[in-house]
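Based on these hints, arrange chain B on the given structure of chain A.
So the sequence lines, in the order shown, correspond to chains A and B. Counted the way the numbering used here counts, the first sequence spans residues 9 to 284. Counted the way the numbering used here counts, the second sequence spans residues 9 to 300.
Hints are computed from structural coordinates only; laboratory data are not their basis. Fair warning: this is a prediction, and the values are worked out from it, not measured in the lab. All residues carry an ideal CB built from backbone N, CA and C; glycine is no exception. Don't take each hint at face value.
[Claimed, not checked] Non-contacting residues of chain B with respect to chain A, defined by C-beta distances greater than 12 Å in every case (computed): (1) K11; (2) K77; (3) E163; (4) P194; (5) D239.
[Said to hold, decoys possible] Label-pair restraints from in silico Cβ distances: (6) A:Q14 - B:A283: 52 to 60 Å; (7) A:K146 - B:P217: 55 to 63 Å; (8) B:A87 - A:G143: 41 to 49 Å; (9) A:A140 - B:F70: 28 to 36 Å; (10) A:R181 - B:E198: 48 to 56 Å; (11) A:G245 - B:F63: 43 to 51 Å; (12) B:A150 - A:A12: 40 to 48 Å; (13) A:M198 - B:S80: 46 to 54 Å; (14) B:A201 - A:V279: 54 to 62 Å; (15) A:L18 - B:A201: 52 to 60 Å; (16) B:I192 - A:I30: 26 to 34 Å; (17) A:G245 - B:K59: 42 to 50 Å.
[As the list claims (entries may be wrong)] Computed footprint of chain A on chain B, listed as stretches where at least three residues anywhere in the stretch have a Cβ under 8 Å from a Cβ of chain A: (18) 24-30; (19) 116-124; (20) 141-149; (21) 180-187; (22) 243-252; (23) 264-271; (24) 274-282.
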Amino acid sequence: MSKAFQYTGLTLSYLLKTAILIIFVFPFLWMISTSLQTYRETLSYPPTLIPALPQWINFVDAMSAGPFPTYAKNSITITLSIIAIQLLVMIPAAYAFAKYRFAGKNVLFSLVLLAFMIPGQVTFIPVYLMMADWGIAKTLLPQIIPFMSNAFGIFLLRQYFMQIPEEIVEAARLDNASEFTIMRKIMVPMSMPALATIALFSFVSHWNDYFWPLIMTDSAAIRPLTLGIAMLRETEGISNWHIIMAGNVVLVIPILVVYLFCSKQIVKAFVYSGIK
Amino acid sequence: MDKKRLGELFRPYLMIAPAMAGICLFVLYPIIFLGYLSLYDYNLMNKAKSKFIGFENFAEIFSRGDFYKSLSNTVIYTAGVVVLTLLLSLVIAVWLSKKSKFNVFVQAGIFTPHVVSIVSIALVWLWMMEPNLGFLNYVLKALGLPPSQWLQSSESALMSVILVSVWQGIGYYVLIIVAALQSISPSIYEAAALDNASKLKVFWKITLPMISPQLFFILVIMTIGSFKVFDTVKVMTGGGPNNATNTLVYYIFENRTTNIGYASATGVVLMMIIALLTFVYFRLLSRRVHYQ
Numbered sequence: 009m010s011k012a013f014q015y016t017g018l019t020l021s022y023l024l025k026t027a028i029l030i031i032f033v034f035p036f037l038w039m040i041s042t043s044l045q046t047y048r049e050t051l052s053y054p055p056t057l058i059p060a061l062p063q064w065i066n067f068v069d070a071m072s073a074g075p076f077p078t079y080a081k082n083s084i085t086i087t088l089s090i091i092a093i094q095l096l097v098m099i100p101a102a103y104a105f106a107k108y109r110f111a112g113k114n115v116l117f118s119l120v121l122l123a124f125m126i127p128g129q130v131t132f133i134p135v136y137l138m139m140a141d142w143g144i145a146k147t148l149l150p151q152i153i154p155f156m157s158n159a160f161g162i163f164l165l166r167q168y169f170m171q172i173p174e175e176i177v178e179a180a181r182l183d184n185a186s187e188f189t190i191m192r193k194i195m196v197p198m199s200m201p202a203l204a205t206i207a208l209f210s211f212v213s214h215w216n217d218y219f220w221p222l223i224m225t226d227s228a229a230i231r232p233l234t235l236g237i238a239m240l241r242e243t244e245g246i247s248n249w250h251i252i253m254a255g256n257v258v259l260v261i262p263i264l265v266v267y268l269f270c271s272k273q274i275v276k277a278f279v280y281s282g283i284k
Numbered sequence: 009m010d011k012k013r014l015g016e017l018f019r020p021y022l023m024i025a026p027a028m029a030g031i032c033l034f035v036l037y038p039i040i041f042l043g044y045l046s047l048y049d050y051n052l053m054n055k056a057k058s059k060f061i062g063f064e065n066f067a068e069i070f071s072r073g074d075f076y077k078s079l080s081n082t083v084i085y086t087a088g089v090v091v092l093t094l095l096l097s098l099v100i101a102v103w104l105s106k107k108s109k110f111n112v113f114v115q116a117g118i119f120t121p122h123v124v125s126i127v128s129i130a131l132v133w134l135w136m137m138e139p140n141l142g143f144l145n146y147v148l149k150a151l152g153l154p155p156s157q158w159l160q161s162s163e164s165a166l167m168s169v170i171l172v173s174v175w176q177g178i179g180y181y182v183l184i185i186v187a188a189l190q191s192i193s194p195s196i197y198e199a200a201a202l203d204n205a206s207k208l209k210v211f212w213k214i215t216l217p218m219i220s221p222q223l224f225f226i227l228v229i230m231t232i233g234s235f236k237v238f239d240t241v242k243v244m245t246g247g248g249p250n251n252a253t254n255t256l257v258y259y260i261f262e263n264r265t266t267n268i269g270y271a272s273a274t275g276v277v278l279m280m281i282i283a284l285l286t287f288v289y290f291r292l293l294s295r296r297v298h299y300q
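Chain A extracted, bound-state conformation:
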């Protein structure tokens, strides 16, 4: 093969890869572009790619179409509470499953695995009825407590804990360290990558969640951002795409910023989550 031929091949490969990249990135650029257009520009043919004058007012319009500060506050409260509770519940459980021997351990652990496989799309009706029964349907709790046990997290963290040598734990016990101290001073610091992975994965999936909040909420006071943005189509009219896209940008940007800074961690989290 001649050199020139090789170079054309290489250039072609770069061009094609760039084309693929564009297919996956363009819709986001299109969203941002539309969010800055006037209504008239969204109607133009051929479509406007770059708005003549960025219409920042669209964001104001979108955010005043509903109680968006409340939605944002709810999204943040829900996501952070879930992560905090999950970690508190998960660490001792993973520690016990990794480092203790007790009767019924295997049966109990297989229940964790079973929980891993049952999706919310199957259990949502009974869980909703329970929440209504308990009288907490009008609070944020139905969007938080059903996720207290993160089965995937327990599973992954247990793997990590099992790799920590028994000798270290024994040495700490000889030094009269309590089990709580061992967890706090040895297990947790030594499994930071796993904890970060689990927390990031939880953050992404619950910040983005649409199905569960849709089932569990019937008033604006407890809705998260995803629902608020999806409702823009009803409140703003189906043809006001510049406003809808502005709202959409608000929903996407936090996740994209997190992705930009920890893309490696997030990618790892997703790949792990698949490996059961």
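Using the frame of chain A, we list chain B on its own:
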């Protein structure tokens, strides 16, 4: 002393208690409750009026056309998503498998839709697929192709939803396949090169069998995941036009307030399908797939 030993005996149970409580309350008990509800004509307003009707809900499910419509939509959707995603992600992954900065960058780009909420994805594509002003029809017209009605015609709606799901999911599967490809030992390829094996033959005889466990894993999680499709449908089509995109979970969702018993029975059917798929997965995993 005795007290201390007793404490040690109970300690592990105490440590797993919160986690197990969560699992029992929000997974195991709801499954039992779901089964119970499925046997009732359940009255939400007045529980005393709920009536035990045995398997009548199930009999109704299997005699209703709209259930079969949503089931067949779900099956078509699943088949479409699985086949397209598997083929495309395999091609892209093979193509991006060389370790280079640019390839990693492209992978990260393709993965982006996966971290974004389906609500956003659905809204953006809804706008792109708008028949009169949307970007997609503009591109089609510019290329001299006939425009499509996309989500607004019952003929193309399901295909459009499939397209969006494939677009969103593909980055994840590319990552998994790339990781699998990179874990194949180069010495195997070197041996093949010594034997003068053609590129295509190397792919069919070496690469594909070597990554078959991961491909199989992808196949299963994609199938199970696709059976649960809801968000895209809810935001983009609302099951329409004319039930063309009504899927199982959406069907359950629609019936959840008007007919709880019936919706629960459909939920039981969905659970059975997922259980069956999971079971088949584990059975086949231990047999068919080539491990080396």
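Each hint, compared with the structure:
no., hint, verdict
1, K11, "holds, 16 Å"
2, K77, "holds, 19 Å"
3, E163, "holds, 21 Å"
4, P194, "holds, 21 Å"
5, D239, "violated, 5 Å"
6, A:Q14 - B:A283: 52 to 60 Å, "holds, 53 Å"
7, A:K146 - B:P217: 55 to 63 Å, "holds, 56 Å"
8, B:A87 - A:G143: 41 to 49 Å, "holds, 44 Å"
9, A:A140 - B:F70: 28 to 36 Å, "holds, 30 Å"
10, A:R181 - B:E198: 48 to 56 Å, "holds, 51 Å"
11, A:G245 - B:F63: 43 to 51 Å, "holds, 46 Å"
12, B:A150 - A:A12: 40 to 48 Å, "violated, 33 Å"
13, A:M198 - B:S80: 46 to 54 Å, "holds, 51 Å"
14, B:A201 - A:V279: 54 to 62 Å, "violated, 30 Å"
15, A:L18 - B:A201: 52 to 60 Å, "violated, 21 Å"
16, B:I192 - A:I30: 26 to 34 Å, "holds, 30 Å"
17, A:G245 - B:K59: 42 to 50 Å, "holds, 44 Å"
18, 24-30, "holds (count 6)"
19, 116-124, "holds (count 9)"
20, 141-149, "holds (count 3)"
21, 180-187, "holds (count 4)"
22, 243-252, "violated (count 1)"
23, 264-271, "holds (count 3)"
24, 274-282, "holds (count 4)"
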